[in-house]
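J.: Next come the chains, spelled out residue by residue.
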Amino acid sequence: MRIVVLVKAVPIVGNERLGDDHRVDRAGGLEANGNDEYTLEAALKLTEAHGGDVTLLTMGPPPAAEALRKGLAMGAARAVHVSDPALAGSDARATATVLAAALRRLEYDLVFVGADTSDGLGGVIAPWLAALLGLPYLSYGSRIEPGPDGTTIQVRRLGARGYDLLEAPLPALVMGTQVLGEPRYPSLRGIMQARSKEIAGWSLADLGIAPETVGAGAAGSRVTSTALPPPRAGATIVRDAPDAAVAQVVDFLAARRLI
Amino acid sequence: MPGAIWAIAELDDDGQPTRLAQEVATLARGLAGTAGTDAAGVVLGAGEATVQAAGTALAAYLPVVLTVDVPAAAGHATAAAFAPALAALVLDRKPAAVLVGASPDGKDLAGALAALLDRVVLVNAAAVRWTDGAPRVEMSTFGGRLVTQSLPTVDEVLILVRPGSTTAEPAARPGVVTAVTPAVTDALPLVRVVERVAAEAAAASIDDARIIVAGGRGVGGPDGFGVIRDLADALGGAVGATRAVVDAGWIAYSQQIGQTGKIVKPALYMAVGISGAIQHKVGMQTSGTIVAINRDPDAPIVEFADLVVIGDLFEIVPRLTAALRARQA
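Respectively, the protein sequence lines represent chains A and B.
Just so we're aligned, residue 1 is where the first sequence starts under this note's numbering, counting upward by one.
Just so we're aligned, residue 1001 is where the second sequence starts under this note's numbering, counting upward by one.
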């Protein structure tokens, strides 16, 4: 089973900032998006149990390679890093177009994507890619298993009231959640081996994409202003004994018409 | 006159528009009023009777509701079934803005629809206002640390609207429901639903809850969530949780709030035994009022709460529940 796992290198949560151009500043520290390591773990477990290997794919500036190195140390076989100065400021449409072009050049049975990214929260790239590539799309996966005869994939899709068991023929695109299970830590051996694994660098020219169709200039929206959210007034601290404290909470909630 | 503003309605398990769908419909109506254009709702579902009933319910909020019967949606994941029909309808009638609620199903649908239409999507809208002839989208960025305003650079857009953008309010008089049959040309691969499995005890959804009572490590174990559930019941709210306690298996992932869980914006957020680490904070800090109950006066949550009770949650929370129940009696 050949699985391509999409990894997005996002600014370290809590340290994100916008640059002067109103775009997410990616010059600081980057880490793999939270949910992406869960889908990578699921992909590694599947290939360990059923054969095959894992290819990582990212689109991002040069520092995004760190997230790929970690994924290689966890056990992925190889990585592809799509990077081009013209990609800076790309919107969801350009991102989906570029990733689809990269996936068309790779061989796979499955594509894994993590649910939502912490720096954008769009959650639309996975279904967008599936539609562009004509792949069945199985989302919000909490468990991923090959179907009974090996030609299909079965995914438990989390819902508000339980889950739906989905099934589709391969190749398919699966979006996964944290419920897939905790990612492993890279072993020392894995880290050593990762040094000799290949990270292929692809530019827009390699993908046959015109630079003017992506990036900030082609984005479908522009940020017109940014502001800090209105500050909270500062907390009222209650240190009274339980009964007196509870009375204060009730009064506070009543004054705000919350009860 | 600009093109119409559409609201795409998501239906719940009983076939009724969700609260998010009602909010999106109300938002579309308000935007169209400001823009001087038409507002319409679209209901997609499997079965004529289903979409007719849902369309009638949605027409409480909008002057026009189009219903589309998509037989393939029965027994299949909905996004791939709905998107081609909706794309055909959009191409035929050319609305200026298509608003979709940013639920899991809504995001799946919007992504597939954007691909079919090759159209711009503005995601994560906390508010939308019509200004300068275009929908201006307010986004809460980086877990609420920054508020940005964006304008589309093109005339026709999709907008994913988060819960809580507006308060759902019916229109003065109900609208007209019309069944339509779009001429579908594209198709997406359908994904079969083999079975639907209900959770043993489905908890109230945190997605659009007005009040959330959330527990963290401080509750001590799965049994500790008993006092959290009782308080949520007394307040008519839903139970939330941090990633640590979900990873520990004390409560289901569906209730997780934060970076890898859900982003919520209730009117009242009660954080019980929650320290307020950044990964949790990004999921809840735009809540209306934040009340924290914690033993540690130096916990990070103190910095962004409105009221903090320092003490033992097991002494405070049951008393608070009792006081609220006594008040209601």
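Note that these hints are calculated values from the structure, not bench results.
Every value quoted in this text rests on a predicted model; they were computed, and no experiment measured them.
There may be inaccurate statements among the hints.
Have a look at the derived ranges for each label pair, beta carbon to beta carbon [claimed, not checked]:
no. : chain 1 : residue 1 : chain 2 : residue 2 : range
1   : A       : 53        : B       : 1295      : 41 to 51 Å
2   : A       : 190       : B       : 1249      : 40 to 50 Å
3   : A       : 228       : B       : 1297      : 20 to 30 Å
4   : A       : 187       : B       : 1221      : 29 to 39 Å
For each residue, glycine too, the CB sits at the ideal point set by N, CA and C.
J.: Is 20 to 30 Å a correct range for the gap between the Cβ atoms of residue 228(A) and residue 1297(B)?
T.: Given about 26 Å between the Cβ atoms, the range holds.
J.: Check the following: the C-beta atoms of residue 190(A) and residue 1249(B) are separated by a distance inside 40 to 50 Å.
T.: Once the Cβ atoms are compared, 27 Å apart, the range 40 to 50 Å for residue 1249(B) and residue 190(A) is violated.
J.: Take a look at whether the Cβ-Cβ distance between residue 187(A) and residue 1221(B) falls inside 29 to 39 Å.
T.: holds (32 Å)
J.: Given the hint of 41 to 51 Å, check if residue 53(A) and residue 1295(B) actually sit that far apart at their C-beta atoms.
T.: Between residue 53(A) and residue 1295(B), where Cβ atoms are some 49 Å apart, the hint holds.
When each numbered hint is compared with the structure, a violation occurs for hint 2 only.
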